[in-house]
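Residue numbers (the working numbering), protein chains in the order written: chain A, 3 to 331; chain B, 2 to 346; chain C, 9 to 288.
Hint data in this document are derived by calculation from the structure and do not stem from the laboratory. Watch out, some of these pointers could steer you wrong.
[To be verified] Derived lysine-lysine pairs resembling DSS-like cross-links, with alpha carbons at most 25 Å apart: (1) B/LYS87 - B/LYS325; (2) C/LYS168 - A/LYS322; (3) B/LYS113 - C/LYS253; (4) B/LYS177 - B/LYS117; (5) C/LYS253 - A/LYS322; (6) A/LYS35 - C/LYS191; (7) B/LYS117 - B/LYS87; (8) A/LYS145 - C/LYS278.
[Stated by the list, open to error] Pulled a few chain C residues facing chain B out of the computed Cβ check, cut under 7 Å: (9) LYS105; (10) TRP135; (11) PRO139; (12) GLY182; (13) PRO184; (14) GLY225; (15) TYR226; (16) ILE249; (17) THR250.
In this text the structure is predicted, and so the values were computed from the model without any measurement. By construction, the Cβ of each residue, glycine as well, lies at the ideal position given by its N, Cα and C atoms.
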Amino acid sequence: METSVENELITRNDISLRVITSEKIRDIVKGIKRVKRSHRQIRAENVFRRTLVIIGLAMVVLVVGIMLTLIVQSIPSLKALGIGYLWGQTWDPVRDVYGALPFLAGTLLTSFLALALSIPFSFAVAIFLGEYYPKGWLANLLKNTVELIAAVPSVIYGFWGLAVLVPIVRSMEASIGIPSIGYGIFTSSLILAVMVIPYAASLGRSMIQMVPSNLKEAAYSLGATRWEVIRSVILPYTRSGLFAGVLLSLGRALGETMAVTMVIGNTPLMPKNIFSTGNTMASVIANELGEADKMVYNSALIELGLVLFLVTVVINMIGKKVISRFTNE
Amino acid sequence: MMTTSCNGSGGSKADSTASGEDNSIMGAGSSFDNPLFSKMFSEYNKSNGLKINYQSIGSGGGIKGLTDKTVDFGASDAPLSDDQAKAMTGPAIHIPVTAGAVVLSYNLPDMKDTLKLTPEVLAGMFLGDIKKWNDPKIQAINKGSKLPAIDIVIAHRADASGTSNIFTTYLTKVSKDWETKVGKGSSVSWPVGLGGKGNEGVAGTIKQTPGAIGYIELAYAIQNGMAFAKVANKSGAFITPSIASVTAAANIDIPADGKVSLTNTDAADGYPISGLSWVIIYQEQKYNNRTSDKASKMLKLIQWMIHDGQAFSSALNYAPLSEKAVSVGDAILKTATYDGKPVLQ
Amino acid sequence: MSNHVKYRIGKSTGFQALTIVLATSCVIPLVAILMYIIKAGITKINWNFLTNVEKPVGEIGGGIAHALMGSILVIFFASLIAIPIGILCGIFLSENKKSRLAYWSRLSVDILQGVPSIVIGIVAYIWLVKPFGYSAWSGSIALSIMMLPIIIRSTEETLKMLPDTLREAAFALGMPFHRVILKVIVPCGISGILSGVMLSVARIAGETAPLLFTAFGYQFFSTNMNKPMETLPHLIFKYAITPYKDWQDLAWGASCILLIWVLLLNILTKLITRRWKVQL
């Protein structure tokens with residue numbers, strides 16, 4: 003509609019055009035449309051960029067939100083129980099006495115025992131795949147199988163542990179002569195050990211594969227055996243990377259809830275030995291948060307969640323820092 | 002106790018109403034009641050169409066759900082304590098819906114006779130003073146049975162439980178030692194033993210652990226073919242938990258607010274560890290965005306539970322409510338209001 | 009050869025043998041679990057099992073239809089929330105390697121990856137359930153928070169590996185920024201991004217802890233996201249600890265289905281990743 007364009011032209015640009023031919027108008031319209039389209043494009047670009055920034059910001063907000071929520075909800079417990087909560091040994095909701103030490107002890111015991119049990123296997127897999135058999139269909143099969151271990155849901159590990167491991171541990175305990183319950187810290191550590199093998203293994207493997215071959219070749223040319231190369235060249239070189247892998251496994255073990263809840267025995271007492279039943283921070287939260295009706299009780303549980311959060315985050319961050327320093331050297 | 006349902010499907014397909022809101026009620030709490038409730042709610046759904054989502058998470062969970070208003074009603078085997086009542090935003094009413102027995106179920110496969118327990122021995126076992134099954138104190142009251150020389154594994158609740166409350170209230174009444182060392186409550190500091198989640202978890206633990214003994218509701222023991230003990234009551238007789246002995250213990254006057262403990266009963270043939278179980282709701286039903294329709298549906302459900310619903314109790318080994326209890330329940334229900342007006346006419 | 013050298017060679021061979029034994033024995037627990045669960049579960053799966061819902065305690069004939077539907081719905085909506093946000097954040101991080109915000113954002117994603125699932129459950133309970141009640145939405149949101157770090161990292165890594173020349177060529181042709189990203193870069197990296205997405209779905213398919221306090225549980229078949237819903241892992245947990253044999257059988261059948269589902273997803277992801285060497 004050329005008349006409206008004409009009017010727009012005159013009112014917009016403030017140019018007085020005395021003689022306007024239809025072709026010129028068409029060109030001008032096209033020009034305006036091109037400008038409008040690039041305005042629109044620029045606007046769309048800006049919207050897109052801004053969206054990206056917002057989403058990037060949203061991640062920060064999310065994590066800060068999680069941390070703040072945990073802290074705010076823990077405040078009643080911090081006020082009422084103070085820092086002594088962390089080494090209090092009694093957990094008695096009836097008498098409103100709360101002490102987190104049994105759960106801290108349970109968590110640390112299960113996680114470190116699981117680490118101790120799994121590290122030989124994780125390192126063996128890492129060395130096997132990184133050094134001895136880096137290529138080939140067999141190696142690929144092992145690599146994929148180990149990674150599938152991490153894929154199995156934890157509730158299935160728990161159920162299997164309940165049905166298979168607990169009776170086995172029970173008969174083992176009976177044959178040694180200790181109270182044969184089957185449930186307990188030892189059983190939980192066994193399951194956790196299986197669950198965390200893949201983490202240290204896959205990280206260790208990639209670290210070992212990154213050892214420069216001229217270092218290894220230099221050692222071989224001096225007459226070292228395979229084992230000596232591993233011991234004197236590869237392991238020292240990848241020491242920090244392997245350590246990071248161990249930290250990753252530890253972080254995973256500390257936060258594991260379902261498998262542990264199903265076999266640990268759920269006792270809020272300090273474990274006497276590795277065969278006692280006990281409880282971990284994660285599993286006491288899972289068991290009792292749904293029913294913590296008193297304010298301090300609820301808050302004490304969330305404070306446990308806060309401790310768990312801080313500990314796992316710190317461990318994971320250290321691990322990642324070590325890896326990034328290692329890969330950037 | 003296995004029954005098959007005649008039409009092969011326990012629930013209907015997706016919510017037919019658009020909002021889905023008004024045709025379902027949410028309840029949570031006592032696992033003590035779960036066998037009875039799941040039967041009652043399934044039947045009510047068949048006849049009435051109302052869907053009741055009941056999650057057996059323990060009495061403590063039910064009370065918390067009601068306090069947080071995340072559920073419509075809570076079910077608990079322990080009445081609200083003063084602290085819990087204070088935490089609620091309005092007065093709450095307790096309607097007794099059933100009575101059951103907390104039995105001591107045990108796993109001694111070679112034991113042919115029924116185990117007999119006295120209050121002293123029971124307290125001793127749960128305090129950890131009596132550690133082995135062939136301890137002379139247990140043997141003394143079970144003359145004629147050969148008890149094995151294995152360790153006693155105590156199974157208790159890991160979650161806040163009304164069943165625990167009934168049991169520990171009983172122990173507090175009969176054992177000074179227990180009263181001073183542990184006390185009563187839904188979640189006590191158990192001196193020994195393994196924790197299981199819900200009556201289901203404790204029953205599962207007992208069933209799988211030779212030498213275990215724990216406290217569960219009667220229906221769980223019977224449904225799973227588990228052995229349970231006779232307990233000596235105040236009159237000294239060893240009583241087998243059953244509908245009859247629970248009914249005897251429950252045959253007392255119920256106060257107007259519905260809260261009463263049945264443990265350590267005076268009745269000569271009453272089972273000493275019996276308990277009532279309550280459905281707890283807010284007295285004033287208008288809160289959040291509850292409609293009066295929902296309030297009335299729920300109250301009709303509870304009313305049905307204490308009248309027609311009682312027909313399902315005996316088959317599941319719960320004691321039907323006495324007439325006194327039903328009339329108290331009816332009176333309490335009538336005090337429920339929506340916006341100040343009574344819901345039930 | 010001197011004895012000492014023989015000793016050293018012997019040690020080396022011995023170590024190799026030890027490594028082989030330890031490494032291959034890692035396969036044993038996985039195979040054992042797989043075989044046990046499939047054996048215990050496969051017999052329980054039948055048409056009844058897949059189409060019925062829970063029955064009252066103690067009655068036979070129950071099924072897991074409500075949990076299957078619930079899991080599918082909860083995972084679907086969690087993915088719906090997490091995938092666009094995750095991919096966009098991955099794009100943001102890969103495009104802005106140096107900015108301050110990108111540094112903090114990347115740090116946040118790393119932190120989020122390490123948060124235990126139970127903590128996410130707690131936070132979801134406080135944010136979503138206390139004000140609004142138990143609902144499948146709260147479960148989906150909790151799960152989507154867990155999916156985000158995996159999707160973001162894999163998107164970022166995939167896009168970082170694309171050659172800069174691709175980007176520059178598209179700009180040189182006059183394409184606006186959003187077109188360059190959405191129509192050129194992302195399609196090139198699609199298999200890496202897709203494998204990240206599939207991995208994240210596999211990860212949350214088996215998660216129980218965040219659902220304990222959010223989606224809660226429901227005995228009936230429901231598609232209403234505003235109300236509680238039953239999910240497979242939660243059902244397994246609930247039934248596994250009960251003493252009722254039929255419920256335990258249901259849990260075995262459900263475990264079998266869940267395990268196969270998760271493993272298939274993982275294997276599929278590996279096949280896709282092989283086409284595109286993604287460092288995840």
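Results of checking the hints against the structure:
no.	hint	verdict
1	B/LYS87 - B/LYS325	violated, 28 Å
2	C/LYS168 - A/LYS322	holds, 19 Å
3	B/LYS113 - C/LYS253	holds, 23 Å
4	B/LYS177 - B/LYS117	holds, 21 Å
5	C/LYS253 - A/LYS322	violated, 46 Å
6	A/LYS35 - C/LYS191	holds, 23 Å
7	B/LYS117 - B/LYS87	violated, 41 Å
8	A/LYS145 - C/LYS278	holds, 11 Å
9	LYS105	violated, 45 Å
10	TRP135	violated, 13 Å
11	PRO139	violated, 10 Å
12	GLY182	violated, 50 Å
13	PRO184	violated, 43 Å
14	GLY225	holds, 5 Å
15	TYR226	holds, 5 Å
16	ILE249	holds, 5 Å
17	THR250	holds, 4 Å
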